[in-house]
Structure formats: structure tokens, C-alpha cells
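*Asks:* Line by line, the protein sequences are chains A and B. For the first sequence, our numbering assigns the number 1 to the initial residue and increments by one for each residue that follows. For the second sequence, our numbering assigns the number 1001 to the initial residue and increments by one for each residue that follows.
Hints may be right or wrong, so weigh each one.
[Unchecked claim] Each computed EDC-like pair below joins lysine to aspartate or glutamate, with the alpha-carbon atoms no more than 16 angstroms apart:
(1) B:Lys1212 to A:Glu89
(2) B:Lys1212 to B:Glu1082
(3) A:Lys50 to B:Glu1050
I should point out that these hints are in silico values taken from the structure, not numbers from a laboratory.
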Amino acid sequence: MFELNLIKDKAKARQRRRVIFLSVVSIVFLAGLLGIFVGSLFWRETIRLKSVNEDIARKQGEIDKLNAELEIREPAARKRRNGLIEAWEEDASVRQDRPFFNPILSDMAEHHPASAEFWYNDITISTSGSRGPANTEDPYAPAKDLMGSRGLEASGYIEIEASDIVTESELNQVAKQMDGMLRLVGEPKFNLEISGEAPQSGDTEASRYVPFNMRAAQTTFRPDQQAP
Amino acid sequence: MAEKGLGSSGSEWTAGIIAIVAALLLGGAVPVGVYAGLYKPKEKERVAAEQKLTSLDSEWELVIQRQDRVRGLEDDAEKMAERLTAIEAPFALADVERMDVTEVRTRLLTLADKHHLELLPERQQQLGSERVYIGNQRISFPKGLHATKLIIEARAYYHDFGRFVTELETLRDPADETKIMNVIIPEKLICKGDPNGGSRHVFILHVFVVEKRDINSIGR
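Taking the hints into account, I'd like the entire structure generated from these sequences.
*Replies:* Below is the structure:
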């Protein structure tokens, strides 16, 4: 009986040690599994981080490269485009606004006083620069002058048969008809030089030749710059 | 003995439980330590890196938009260059060194012949048949345009000279009347009446011929 109990105790002790051993082994095994799982998570994060860092480095490189390229290209493109726009505007202005002498010459040929013969002797159309001192400081002064105002001076003779007053009145009407001139030099003003008149064949009652001059205001030819 | 056996079993259990608890603590500490000490900081680092990548994506989008704007500017510039080429079609090619615009001068001489413009005999000796000659002046406009001076000197009837001026100012291609051949800006006209009372007067006309630009060099 005693021996039997001893055998049972030994068996129980063996059983206990087995339970404890298996428990410890199971715990260690599970801990190991868990550790491997967490380790794999860590490894996955490491791989992903490496990949993201590589993407960051690649993208940052591309951004830096493109930015550096654009830093050069953008100011150059802007400068060229603005330069071309300015050039085009200047070209368009020069093509559109250039002064024309033909309307003036046509006006002078077409419009005469009704009751008197009329001749022009000298005609001068000139820029303001050619009449005054040149602006030596501004390198573009000649071009501005070219695209600026024109002045007109003309002189001639008129054969007056009626009174001077009638002729002067007719000349004023003629001046008003010269609308082609308005664009370039403004309305002309006629001036009879009565003191210089020369009677024809010495007869003061007959017609006489009277010198006259004509000047036009120095207005600009551009409509937007015309004096009111 | 039975008591001894019972005491031994109790202490074995205690030791066993301690061993199990120790195994639990030690076994749990490894994954928890790896999780908290390695995985979490790495995950945080990865999330931060992904956020940086996202912000870089946004930055990249902005850079791409900027690149599109720059391409737009370059396209605009090319279109402007085409428009400039078109608007400058009637401008003349100049010989800058000689301050001459030979092509236009030849064209004006032909025009002078057409409208019977002649030279005074004394000027004929000096100038030959060159009723249109170089004015030795080249002027610059503020935005890069240039023009070269030509002088036209002639004796002619007023109406002939008037027609000459009309054609000169709107110099058009005979083959295509809508096409302007050259852009000529008259500067000054001096007309001196015939001192002998005749109808043929002396005309001196100063004009500037607008020159083509070097379009490729504009803004570069």
C-alpha cells in the first residue's frame, strides 16, 4: 500500500513537472511566435520606410532638377514674350500711325479761293525736331520726332481782283475745307502780305498779285494726342 | 512521508507557477519590446516619410503647373514671334554698314521713273540718275525698331509728285494690291516753286524706311 502511494506520488510529480514544462514551453513558443510576428511587422515597416525614402529622394531630386530648369526658363520665356509684345506694339503703332503727306498735298492742290488765281511758291512740311534744337540726351529723340508732330509753312502769290476783305474771307473758307490737313498739321492759317502786293501792269484798279503765307498749327498727327 | 510528499508537491507547483509567470513575462517582453521599441518608432518614421512624400507630390504638382505656365509663356512667345514676322513682312532688309535699303531705293527709283520725276541739270551732274539716295542717318525707336533715311530729290509737275507720294506712302505689291510692300515714313518735304514761272517744281522729300528686326534675338 505504501509502495503504491509512492508510485502514485511519483507519477503525479512527473505529471506536474510535465504540465509545468509544457506550459513554459508553450508560453515560450507562443512568445517566440509573437516575437517573430512583431519582428516581421518591424521588418515590413523597415522595407516600406526604405522604399518611401527612396521615393522621397527620387521625387525631391526631380523637383529640384525641374525647379532649377524652370528658374532659368521662366525669366527667359517671360523676357522674350514681353520683348516680343513690346516689339509688336511698336510695329503696329508705326504701321498704323505713320503720318501721311498725301492728304496735305491733295488739300493744297484741290482747295483754292473761288474768285482769285492762286499759286504756291514754296512749301515746307517738317518735324518739330528739324525746327528746334535737337535733344542730344535722348537717343530715341529722332524716332519720337519722326512719329511726332509736323508743321507746315507755305508761301505763294494770289491774284486779287475783288477787295482784300473778300479774299481773306475766301481764304478762311478754303482753310476750313482742308480737312485732310487736320490729321497731320491742324487747320492752316492764311496771311496776306498786303504791303508786298504788286499791281499788274501798273494799274491799281485792275487785279494785283499779293504774296501770302500759310502756317499750320503744330498739332500731333495721332488722334489720341491731338490738342482739344 | 505523505506530508512530505504533499509539501514537495506544493513547492513544485509554486516553482512551476513562478516559472510559468517568468516565462510569460520574459516571453511577452520580447514581442512587446520589439513592438514598442522598434516597430512603433519605425511606423511613426514611415508615416512621417509618407506625409513628406504626399507633400512632395503636392509640391511636384505645383512644379508641373509652373512648368505648364512656362510652356504657355514659351508658346505665347512663339505665337508673338509669328505675329511679329507677319506684321514685319513689309519692313525692309537694311545694309546697316552703308545705312542703305537697296531694295526700297531701287523700288522708289522705278516709281520715280513711272511718275516722270527728274533731276535738275546741275544736280544730275552731282547725283547721276540717283533721284533717290542714301540720307546717311539710321534712327532707333525705343523698343528696338530701326529706320534708315532716304532722300528723294526731283523736279516734277505737282500732280506727278503728288501721285508719287501717294504710291510711296502706301507702297503696295503690284501683284497683290492688299499687300503693302514697304513701310515708309515721310519726315520732311521741301517744295520750291519753279523760279521761271513754269509748272515743274523742285521737291526734296526725306523719308525713313522701317527695317526688319532680328526677331530671334528679341528678349534673349
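*Asks:* Taking each numbered hint in turn, which are not upheld by the structure, reported in ascending numerical order?
*Replies:* none
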